[in-house]
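Visitor: Given next are the chains, with one letter for each unit.
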Amino acid sequence: MTYIINSYLFVFIFLSMGAGLFYKKADHED
Amino acid sequence: MMSKITQTLSGLFKPQRLEKVASFCAVPALWLSFAFFIMGVYMAFSTPADYQQGDYVRFMYIHVPASWFALFTYTIMASLSLSGYAFKIQTAHLLTRALAIPGCIMCILSLITGSLWGKVTWGTYWVWDARLTSMFILLMIYGGYIILSHKKRLEQLHTLSLFVMIGVVNIPIIKYSVDLWFTLHQPASIMRLAKPAIDSVFLPPLFTMAISYLLYVIALTSRIFLKDLRREKKRQERLMTFHKKSQKKEKAA
Numbered sequence: 001m002t003y004i005i006n007s008y009l010f011v012f013i014f015l016s017m018g019a020g021l022f023y024k025k026a027d028h029e030d
Numbered sequence: 031m032m033s034k035i036t037q038t039l040s041g042l043f044k045p046q047r048l049e050k051v052a053s054f055c056a057v058p059a060l061w062l063s064f065a066f067f068i069m070g071v072y073m074a075f076s077t078p079a080d081y082q083q084g085d086y087v088r089f090m091y092i093h094v095p096a097s098w099f100a101l102f103t104y105t106i107m108a109s110l111s112l113s114g115y116a117f118k119i120q121t122a123h124l125l126t127r128a129l130a131i132p133g134c135i136m137c138i139l140s141l142i143t144g145s146l147w148g149k150v151t152w153g154t155y156w157v158w159d160a161r162l163t164s165m166f167i168l169l170m171i172y173g174g175y176i177i178l179s180h181k182k183r184l185e186q187l188h189t190l191s192l193f194v195m196i197g198v199v200n201i202p203i204i205k206y207s208v209d210l211w212f213t214l215h216q217p218a219s220i221m222r223l224a225k226p227a228i229d230s231v232f233l234p235p236l237f238t239m240a241i242s243y244l245l246y247v248i249a250l251t252s253r254i255f256l257k258d259l260r261r262e263k264k265r266q267e268r269l270m271t272f273h274k275k276s277q278k279k280e281k282a283a
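Order-wise, the sequence lines are chains A and B. Reminder that position 9 of the first sequence reads as 9 in our numbering, one-by-one numbering, no gaps. Reminder that position 242 of the second sequence reads as 272 in our numbering, one-by-one numbering, no gaps.
Don't read these hints as lab results, they were simulated from the structure. Predicted, not measured: the structure shown is a model, and the values here were computed from it. Any given hint might turn out to be false.
Calculated cross-link-like contacts (lysine-lysine; reagent style BS3-like; alpha-carbon spacing at most 25 Å) [said to hold, decoys possible]:
(1) A:K24 to B:K279
(2) B:K278 to A:K24
(3) B:K182 to B:K50
(4) A:K24 to B:K264
(5) B:K263 to B:K50
(6) B:K181 to B:K278
(7) A:K24 to B:K274
(8) B:K279 to B:K257
(9) A:K24 to B:K263
(10) A:K24 to B:K50
Taking CB as the label site, the calculated pair distances span [said to hold, decoys possible]:
(11) B:L214 to A:F10: 45 to 55 Å
(12) A:Y3 to B:S33: 56 to 66 Å
(13) B:S33 to A:S16: 21 to 31 Å
(14) A:Y3 to B:E267: 51 to 61 Å
(15) A:M17 to B:S53: 16 to 26 Å
(16) B:Y155 to A:M17: 17 to 27 Å
(17) B:Q277 to A:S16: 19 to 29 Å
(18) B:K205 to A:F10: 49 to 59 Å
Just so it is clear, CB atoms sit at the ideal spot from N, CA and C, and this is done for glycine as well.
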């Protein structure tokens with residue numbers, strides 16, 4: 001079960017990192 | 031006939047209209063996506079475990095929607111490229127470029143969660159079977175397009191759309207690889223003509239996650255598209271002022 005929870009955490013962190021990267025970058029350029 | 035299609039399409043892809051839609055979607059879609067994600071996680075852990083796979087069936091909710099959207103995004107990119115190339119619609123090329131990054135993110139997620147799932151069910155992270163290899167080729171195509179289209183002008187994106195259109199050959203190969211070859215990966219159990227092969231109790235969390243991923247793709251695409259559109263506008267304004275200045279100089283001479 002820990003294995004699955006860790007995978008879910010990984011997906012969440014991966015998605016938020018992707019969003020953070022593009023949203024922050026765009027704000028900076030504006 | 032041709033001009034009618036061009037007119038309708040260029041009306042549909044009007045930069046002003048798309049800018050409005052994108053700036054409306056960019057932020058709320060992202061928050062909604064995370065809300066659906068959390069709801070999906072709650073539903074994923076409250077559904078019963080599978081009789082055969084046990085708790086590992088919960089990998090399905092993060093893996094399957096990612097694969098769907100990796101394929102779906104590429105299909106949209108290819109159709110946008112086709113309309114952009116055939117009818118010379120510039121915003122379609124910008125949209126194609128904006129879609130490539132979320133598509134690539136979905137593809138990476140699908141491969142990583144798939145290999146994590148594979149480790150506990152097949153006993154290996156990776157095998158070079160038809161489904162996995164064709165998915166890996168899709169990642170290469172996404173990566174290639176992102177690298178090639180980086181900081182390129184619209185005219186160059188117009189030529190690059192040929193690359194996207196050729197790459198679409200890979201999509202039916204991925205979809206039917208599990209039926210055409212003998213693979214370790216299981217055949218389709220939801221997106222098929224017959225009734226889904228899995229129990230309906232697994233479907234609500236799956237679709238909630240799918241909505242979350244869809245909103246994520248929409249949010250990121252809108253954000254990147256807006257940025258590109260504004261940059262392109264500035265470039266064209268600069269070109270116009272340069273053109274006017276050189277015309278004035280010619281007249282003075």
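Visitor: Compare the structure with each hint and give your call.
Guide: Taking the hints in turn, this is what the structure says about them:
1. A C-alpha spacing of about 42 Å is found between K24 (chain A) and K279 (chain B), which places the hinted pair above 25 Å, so the restraint is violated.
2. Taken as a hint, the K278 (chain B) and K24 (chain A) pair is broken in the structure, with Cα atoms around 41 Å apart against an allowance of 25 Å.
3. The suggested pairing of K182 (chain B) with K50 (chain B) holds, with an alpha-carbon distance near 24 Å, which does not exceed 25 Å.
4. A distance of roughly 21 Å separates the Cα atoms of K24 (chain A) and K264 (chain B); the hinted pair therefore holds under the 25 Å criterion.
5. With a C-alpha separation of about 15 Å, the suggested pairing of K263 (chain B) with K50 (chain B) holds against the 25 Å cut-off.
6. Taking the CA atoms of K181 (chain B) and K278 (chain B), the gap is about 31 Å. The hint is violated against a cut of 25 Å.
7. For the proposed pair K24 (chain A) and K274 (chain B), the alpha carbon gap of about 36 Å is over 25 Å, so the pair is violated.
8. Among the hinted pairs, K279 (chain B) with K257 (chain B) is inconsistent with the structure: their alpha-carbon atoms are about 33 Å apart, more than 25 Å.
9. This hinted pair checks out: K24 (chain A) and K263 (chain B) have alpha carbons roughly 21 Å apart, not beyond 25 Å.
10. Note on K24 (chain A) and K50 (chain B): the hinted pairing holds, with a Cα-Cα distance of about 20 Å set against a maximum of 25 Å.
11. Restraint check, L214 (chain B) to F10 (chain A): a C-beta distance of roughly 23 Å breaks the suggested window 45 to 55 Å.
12. Between Y3 (chain A) and S33 (chain B) the CB atoms are about 59 Å apart, so this pair conforms to the stated range of 56 to 66 Å.
13. The hinted window of 21 to 31 Å between S33 (chain B) and S16 (chain A) is violated, with their beta carbons roughly 46 Å apart.
14. Under the hint 51 to 61 Å, the C-beta atoms of Y3 (chain A) and E267 (chain B), about 54 Å apart, fit the expected range.
15. Separated by about 23 Å at the C-beta atoms, M17 (chain A) and S53 (chain B) satisfy the suggested range of 16 to 26 Å.
16. Restraint check, Y155 (chain B) to M17 (chain A): a C-beta distance of roughly 22 Å satisfies the suggested window 17 to 27 Å.
17. Between Q277 (chain B) and S16 (chain A) the beta carbon distance is about 50 Å. The supplied range of 19 to 29 Å is therefore violated.
18. Look at K205 (chain B) against F10 (chain A): about 26 Å separates their beta carbons, and that is not inside 49 to 59 Å.
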